[in-house]
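Student: Residue-level listing of the chains:
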Amino acid sequence: MSTLQIALVGNPNSGKTALFNRLTGAHQKVANYAGVTIERKEGHYTAPSGRRVRVLDLPGTYSLDAASPDEAITRDVCLGRHPGEPVPDLIVCVVDATNLRLHLRFVLELKALGRPLILALNMIDAAERRGIAVDVEALSRELGIAVVPTVAVRRHGAQALIDRVDAQALPAPQAHPVADLHAEVRRILAAAVSSARDSAATDQAIDRIVLHPVIGLVILAALMFVIFQAVFAWATPLMDGIEAGFGALGEALGALLPDGVLRSLLVDGIVAGVGGVLVFLPQILILFVFILVLEESGYLPRAAFLLDRLMLRVGLTGRSFIPLLSSFACAIPGIMATRSIADPRDRLTTILIAPLMTCSARLPVYTLLIAAFIPQRAVAGVFNLQGIVLFALYVAGIVSAMAVAWVIKRLRRDRSEHALMMELPSYRWPHARDIAIGLWERAMIFLKRVGGIILALTVLLWFLSSFPAPPDGAAGPAIQYSLAGRIGRLLEVVFAPLGFNWQICIALVPGLAAREVAVASLATVYALSGNEDGLSAIVATQWSLATALSLLAWYVFAPMCLSTLATVRRETNSWRQVWIMAGYLFALAYLASLLTYQIARWLT
Amino acid sequence: MRLSELQKNVPATVAGVVDAVADDAIARRLRELGFVAGEPVRIVALAPFGGDPLLVQIGSTRFALRRSEAARVTVADADGAGA
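In the order they appear, the protein sequences are chains A and B. Its first residue numbered 0, the first sequence is counted upward by one per residue in numbering that gives the first Met the number 0. Its first residue numbered 0, the second sequence is counted upward by one per residue in numbering that gives the first Met the number 0.
One should not assume that every hint holds.
For each label pair, taking beta carbons as the anchor points, the in silico distance ranges come out as [said to hold, decoys possible]:
no.: 1; chain 1: A; residue 1: L410; chain 2: B; residue 2: F48; range: 36 to 42 Å
no.: 2; chain 1: A; residue 1: L511; chain 2: B; residue 2: D18; range: 45 to 51 Å
no.: 3; chain 1: A; residue 1: S415; chain 2: B; residue 2: G50; range: 35 to 41 Å
no.: 4; chain 1: A; residue 1: G83; chain 2: B; residue 2: D23; range: 33 to 39 Å
On the chain B side, residues computed to face chain A include the following (Cβ under 10 Å) [what the hints assert, rightly or not]:
no.: 5; residue: M0
no.: 6; residue: L32
no.: 7; residue: A44
no.: 8; residue: G58
no.: 9; residue: S59
no.: 10; residue: A63
no.: 11; residue: L64
no.: 12; residue: S67
Calculated from the structure, these hints are not laboratory results. Every value quoted in this text rests on a predicted model; they were computed, and no experiment measured them. Here a beta-carbon is modelled for each residue, glycine too, at the ideal position from N, C-alpha and C.
Whenever a hint applies, use it, and build me the whole structure from the sequences.
Tutor: As structure tokens, then:
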């Protein structure tokens, strides 16, 4: 028996991906806002009859008349125009049972295609709680297609759908044209759905506070501030524990192994380098707890609503908010998330400024320097001074991004209208299980980076820093004679006006591939230079304050992340944008560091 | 009356969507989002910094619309009088 091809199609935020995960056992990202899924995703399951089913999860769309790049994917698959993707044997249209008035219109549009179609009436539990009664049989009769209720977030919540898909007969609906889709929706709703009371009362009550012009902004600002405080204050004990663990491991290995190349590689290269990065896992996870809860709750589109006017003024859109917030984790998913921005100008501007949002890979650099130079003391009783400095660095990134967006807006000739038209979803309690899965996946991504590229670069750097060996009778540490030492000295010529010493210059190079490696590299370079202290202590005693501030300024812009540049190339399909981005970021970073260093030196 | 001129929390009914330019993609999308004659509509919130965008509730669905977008939607009083 051949594999059955089914495609999950429907309005944004109707729960297609949750259903996909339920069917296939996958862990694709789900959240509570329109436009989470921006690519087609495929998975498989075996039906009770033994038949293999290939499931395609598609980006949500309001209509087959696509308005943005992600919607175009769905249109092309449904119409059989997508290259390399066969026409699905069955379209499963997923609708949110609490939002049928909007979602049924698209069902009718799909029905007009005349292909086999069934309706998954999702979130039926939420509809019941809100007092919306759906007569499934009447709905099926009026629509002329099979309707199965589903609760994608509940175990066995898709069983009825699996059984229906497995049933042999999947007839195509009668595709008689409907003149007025909205009139038809109203007719069907009247026949099949009754709503006891105002079903959106809870959302309205919350929105009255959260979207209040003054209180709403205060809540948003307080929320952002608490996140940064938490990242610093809560993570400290865990980080101290990890640091102590790696210190002990290094010492134990050092005592076990004979003096030589192997000991140097393990202790100075791998333990110092990998440990230097791994210590930031708690901070990254705490940041993600907040991001995941915000995503699941439905708050993010509200924040976009509150900030739209400000963002419009600098040449962005409220829709840029979610991609930019994702960029605080990493610019790569952030840049990909811009696909849900319909306007190509808004999308390009958002892509160009996404790297200015402080990604989590920069956190290690910030933390190291802040811990070394900023005293840990309470401000006004409750705030942590280090947390405030960290917050200020994030703000510096945001302000620069706004400035760059503003300049791009001034340079642009096309001044026609930009569209917003954004749906605000119902609030939802975040599921602890989804948050846990999200955190686990984030931790795995980080650990794979540490075990993969970061480990590889650390070993490479150790090699470059250890060979060639110094000539006989050489004075000074061996690293000065090595390849890395020479490269560092060469780069120092360029970066000396910024206050960077040759050790920093070495660290900047592997930082191209992964920014966290800059810290690992510093740890390795100083360990090989014969320093026994922890990196934080070395930095505190050997660097001037001006150098530290200058490096912080450099990392606000941190132009160099090869994977981000590769993503920009793929998303914009243009090398020109890549060069523009790399060029302007490098220029800004150099300028900011130069000013910071010279001014700080003059002041201190 | 245009939706952009409607007072907050005053119930109204959509009369139609008017194209602002030829082949207006924004107007087309508004119709797809359910802004069609006869639908009950209400402005439930105004954004800070000058009351733009508007939060518009149509049925039980909420959309953030900029004033220029809402200006394409014509509305009548909830009882149907005074278009």
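Student: With chain A as the partner, please determine if A44 (chain B) meets the hint condition of a C-beta pair closer than 10 Å.
Tutor: A44 (chain B) check passes; min Cβ-Cβ to chain A is 4 Å, inside 10 Å.
Student: So the hint says 36 to 42 Å: do the beta-carbon atoms of L410 (chain A) and F48 (chain B) match that?
Tutor: Check failed, 24 Å falls outside 36 to 42 Å.
Student: Is it true that L511 (chain A) and D18 (chain B) lie within 45 to 51 Å of each other by Cβ?
Tutor: holds (50 Å)
Student: For the hint on L64 (chain B), does the least C-beta distance to chain A fall short of 10 Å?
Tutor: holds (6 Å)
Student: Measuring from the C-beta of A63 (chain B) to each C-beta in chain A, is the shortest one below 10 Å?
Tutor: holds (5 Å)
Student: Report holds or violated for the interface hint on L32 (chain B), using the least CB-CB distance to chain A and a cut-off of 10 Å.
Tutor: holds (6 Å)
Student: Any CB of chain A closer than 10 Å to the CB of G58 (chain B)?
Tutor: With Cβ-Cβ at 4 Å, under 10 Å, it holds.
Student: Let me know if the C-beta of M0 (chain B) comes in closer than 10 Å to any C-beta of chain A, holds or violated.
Tutor: violated (20 Å)
Student: Mind checking the CB of S67 (chain B) against every CB in chain A and telling me if the closest is under 10 Å?
Tutor: holds (6 Å)
Student: Take the C-beta atom of S415 (chain A) and the C-beta atom of G50 (chain B), compute their distance, and say whether it sits inside 35 to 41 Å.
Tutor: violated (23 Å)
Student: Checking hints one by one. Is S59 (chain B) an interface residue toward chain A, by the C-beta closer than 10 Å rule?
Tutor: holds (4 Å)
Student: Note whether the CB distance of G83 (chain A) and D23 (chain B) lies within 33 to 39 Å or breaks it.
Tutor: holds (34 Å)
Consistency note: the structure conflicts with the earlier hints numbered 1, 3 and 5.
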